[in-house]
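**Q** These are the residues of each chain, in order.
Protein chains: 2
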Amino acid sequence: MKVRNILGDRFKERAFDIESQNLMTRGGYMKLVGNGIYSLFTPAKRIQNKIEAILREEMDAIDGQEVLFPVVMPASLWQSSGRFESIGKELLRFKDRSGADMVLGMTHEEAAVQLAMNVAGTYQKYPFMIYQIQTKFRDEPRARGGLIRVREFTMKDAYSFHTSQEDLERYYERAYRAYERIYARAGVPEVIAVKSDSGMMGGKVSHEFMLLTDIGEDSIVICPECGFRSNMEACEAITENAADPELKPLEEVFTGEAKTIDEVGEMLNVPNEKTCKAVVYQRNSDDSYVLIFCRGDREINETKLTNYLKSEIHPALDIENANLAAGNIGPVGLSTNATVLFDRSLVGATNLVCGANKAEYHLSGFTPARDLPEDTLFIDLTKAVQGGVCPVCGKHALRVRRGIEVGNIFQLGKRYTEAMGMTYDTETGERRNPIMGCYGIGVGRLIASICEEHHDDYGPIWPISIAPWQVEICALRANDEQVKAAADMLYKELEDAGVDVLYDDRSVSAGFMFSDADLFGSPIRVVISPKTLARGCFELGSRDKSFGGDIAIDTAKEAVLDKIRELTEALNAKVPERL
Amino acid sequence: MKVRNILGDRFKERAFDIESQNLMTRGGYMKLVGNGIYSLFTPAKRIQNKIEAILREEMDAIDGQEVLFPVVMPASLWQSSGRFESIGKELLRFKDRSGADMVLGMTHEEAAVQLAMNVAGTYQKYPFMIYQIQTKFRDEPRARGGLIRVREFTMKDAYSFHTSQEDLERYYERAYRAYERIYARAGVPEVIAVKSDSGMMGGKVSHEFMLLTDIGEDSIVICPECGFRSNMEACEAITENAADPELKPLEEVFTGEAKTIDEVGEMLNVPNEKTCKAVVYQRNSDDSYVLIFCRGDREINETKLTNYLKSEIHPALDIENANLAAGNIGPVGLSTNATVLFDRSLVGATNLVCGANKAEYHLSGFTPARDLPEDTLFIDLTKAVQGGVCPVCGKHALRVRRGIEVGNIFQLGKRYTEAMGMTYDTETGERRNPIMGCYGIGVGRLIASICEEHHDDYGPIWPISIAPWQVEICALRANDEQVKAAADMLYKELEDAGVDVLYDDRSVSAGFMFSDADLFGSPIRVVISPKTLARGCFELGSRDKSFGGDIAIDTAKEAVLDKIRELTEALNAKVPERL
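Protein sequences, first through last, are from chains X and D. Under the working numbering, the first residue of the first sequence is numbered 1, with each subsequent residue one higher. Under the working numbering, the first residue of the second sequence is numbered 580, with each subsequent residue one higher.
The set of hints was computed from the structure by calculation and includes no laboratory data. There could be a bad hint or two in this list.
[As the list claims (entries may be wrong)] List of simulated lysine-lysine pairs, DSSO-like, C-alpha gap at most 27 Å:
no.	chain 1	residue 1	chain 2	residue 2
1	D	Lys668	X	Lys89
2	X	Lys12	D	Lys704
3	D	Lys1063	X	Lys95
4	X	Lys2	D	Lys704
5	X	Lys50	D	Lys629
6	D	Lys668	X	Lys95
7	X	Lys125	D	Lys1063
8	X	Lys89	D	Lys704
9	D	Lys581	X	Lys125
[To be verified] Stretch-level coverage of chain D by chain X, calculated; a stretch enters the list once three of its residues show a Cβ under 8 Å from a Cβ in chain X:
no.	region
10	584–597
11	611–620
12	643–650
13	670–676
14	683–694
15	1131–1138
Here a beta-carbon is modelled for each residue, glycine too, at the ideal position from N, C-alpha and C.
In isolation and in its complexed conformation, chain X is listed as follows (with noise of 0.2 Å):
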């Protein structure tokens, strides 16, 4: 394709402060139609073409089979499995011209157990997975940095139905390396797997893919020691407290104005983790209360308390109705409406600082094991700390670092075939719900995070792999008839060889057509100019300039056809071997 072809404008004021947001609107790789939804250009949708090509390779060689679910699917799917009412407005809910309810999908379970449902009643039928790329929508609140959190996007879904626990794990296992597999095609091998919290979608076990960058929304435990990762929402907390060798006696000291850990810890030259804080919630639904004390230097863990208490909750908006003393809230002598839960990093700790539950006082000398009552609870509720102990080794190495959500993977159980009726009949005549797994890719969040990963100051730096372009030719004064023919015979000797090549031949500037060439990302370049026939000879060189030089004319297509294939070979290096 030629460059004077291609719609789109290229530019180079920068636009945004998320880099693949910036790069691929300056590259003219996409156009914002409203909040969170975008028309893709076409260097962008050759990219999701050659992705797309990758999902379904890698999903066919685990036995899936391509379907086609609906965008728009009628309400009473979504009521068979509960999720009409459970799922909050992120579910887009319309009525149609008839007054029927219905729903855009955000995902597809209802749909795939819909297909599915009385056309595998009988055992022989199993295992069997089915997948589709589609658009979804998700009504977000706070879509955000381009491609990365949109409303609209394009998705890879995949569902496996099983007759035994064992044979989804078994097929989890294979999901999870054609996962690895699809990444590192992609170029970004990179992406870490980590356990993740299943929140809305049910079941147990779930991994998400992490790319790991600044950027990202996700925090993500690592330990270095032993190879522990986690989604910060997942990942459990353990805090060890030394006890001190003398226990002190409960005794309510005046910290008048001080309300804050840190104000009253300052005030008494405490330090926070010899303090126990109290934090307030509301559920949802009903704007009760929910009281949790911690350790004061532990902030808690907002996906395990909606998990603990089975219910959506926000940090509470005014606590008048709780008949508590805001500021002063401790754990001795409490009167409340409000469900009271204590968090784990309370065993062990000894005289904590905590509210006294009147104005103006605290107490000290506060030792949970002796001052709260012999049965109460202490769960995890807080989140893992920089420096905390690993969960699996035990060490105090843990690391926090921020991700990219790229994927994810659930074994989902019978959440849905139970709850929509969906049955088979076993060897022995016995009626069973199928177990499910599910896979799910979002295409166009991957394609920001590879530019994420592979840029510079300049513009993206594709992987051969997904490039829109493998090869751009620069011809520099194409209006110099030797310079135009060199190239026009390149571009074609190229284009028959079945390789993506963009072609520049436009009268412009070095500068000008470099810079461009540069926001189009094509991992390979070939530069013809008076200069280099001069020599005899075209510059081939790299986008990410690891290699450059000059390439004899006669045998510059096998030049370039040599260097797809390295670049082909280096990247198929990291792909791991199938399951």
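With chain X's structure known, arrange chain D on it following the hints.
**A** What follows is chain D alone, placed relative to chain X:
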């Protein structure tokens, strides 16, 4: 792929009257999810993928750039063209979580202009064409016929932009030819182009591509003499009236309870063509009346009427407020608040019977040229008829047939670029609106139409180019070791050769296996059984029964590849050259 692994059941019972819907349901191609909304099983998705590949190749060959527009769009985009208000309930409107008005894309002219706007500001960027293959939603009041008329569908839609009408027309010819190639490549060279009404799309010249079939929803007018072809909606109606030698005077005739043309004609012994009838409509906007007079044997073409009035209409529900004598309405001595129109079928007519605007009376001897004011306008508002006059060659040769629309192309002109303010600068610095064309093909409807055209009582007969599997291997008695070994080997050989092979190695009866194979519709079939092995051969046959016979085992792979080549060449022979 093995038949045993394919999700979806096949069954014998007739499911629906329309054959494509019947066979594709019985064959496990699709499943209804909601009114006019389907999921596709893998056989249908495989066909869709192959059609999409043909669409991409043909669109790329006419310099198309693949892009992607959103399914969900802000209403403001559709307000900018005026269509948010002008289109009826087919356009699904809803509000997102922030209360913003949104629509589901049923077509993407606005999105195409939005994408191209600001990046095609000078004449040098023209012409260009952008296309996508994407899900669309049209809230059809009457979904029917399986994939023939649905609410959600996959569509290839293309939009070209030009700086002159001549350039648009040149490109339109190329697109027209590309469409002919697409249908021929998909195995339906029978598809014909007909002139069409541009309807809600705006613009003037447009064509629909039609597959002629009795289950079609459109009426197509064809002249076998000169090749003229038109959708009934857009077909000029020519009515010849032989003047009677003697003009009779206008006379009141008592007709009592006779109201309809048939009743009055019978009572007075006058054929329908010697009558003038009145038809009453109401405008949708304000229910105001529109009264049309035409020859008694003609029918109103509502599309022409809508276009003439520039407003949507419906047959009058009652005429109480129109001051009209129901059943006796006539053009002479009429007093009404209705808009009164006269159809061209009355030009040259003499001595007609018409209503007398008085209960129980009609007039005889009505001669429009004599009895209507001299400045009466006669306009074309009726349908062409079987045996009628061809508007091109003038012969009484018109045939009326039924057809399914499987694609359309429009010369849109500046309808959208003007409304949305998209401009470019000409070479001389003038600011102008680009001229657009648009080009659509619904993928699902095309699949159903191919099935309509190519099936027998037992199932679809898919063309080699789009068949989900080109070849099916039926291993009868696959529990026989020799059968299994021979069939396994051929399966592997063909898969390794890149053939799409379906392999049935289930332990089922020959009848059961063959009726499934008929429903899968693979154009080529290889049967391997103890009997064929005893003869030292396999059986090679075609789904359409056009060939069948023994092939030697050791050259079986070659024989199958030859047959694929032969069918492919026969199909390609009907594909016209590119323009």
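**Q** Hint by hint, say whether it matches the structure.
**A** Hints versus structure:
1. D/Lys668 to X/Lys89: holds (24 Å)
2. X/Lys12 to D/Lys704: holds (20 Å)
3. D/Lys1063 to X/Lys95: Status violated; Cα separation ~54 Å.
4. X/Lys2 to D/Lys704: holds (12 Å)
5. X/Lys50 to D/Lys629: The hint holds at about 16 Å.
6. D/Lys668 to X/Lys95: Holds, at roughly 11 Å.
7. X/Lys125 to D/Lys1063: Answer holds: X/Lys125 to D/Lys1063 is near 20 Å, not above 27 Å.
8. X/Lys89 to D/Lys704: violated (42 Å)
9. D/Lys581 to X/Lys125: Given pair D/Lys581, X/Lys125 holds - Cα atoms ~12 Å apart, limit 27 Å.
10. 584–597: That given contact holds, which follows from 5 residues of the region 584–597 of chain D lying within Cβ reach (below 8 Å) of chain X.
11. 611–620: holds (count 8)
12. 643–650: holds (count 7)
13. 670–676: Holds, because 5 residues of the region 670–676 of chain D bring their Cβ atoms closer than 8 Å to Cβ atoms of chain X.
14. 683–694: holds (count 4)
15. 1131–1138: As far as the region 1131–1138 of chain D goes, the hint is violated, because 0 residues have Cβ atoms under 8 Å from chain X.
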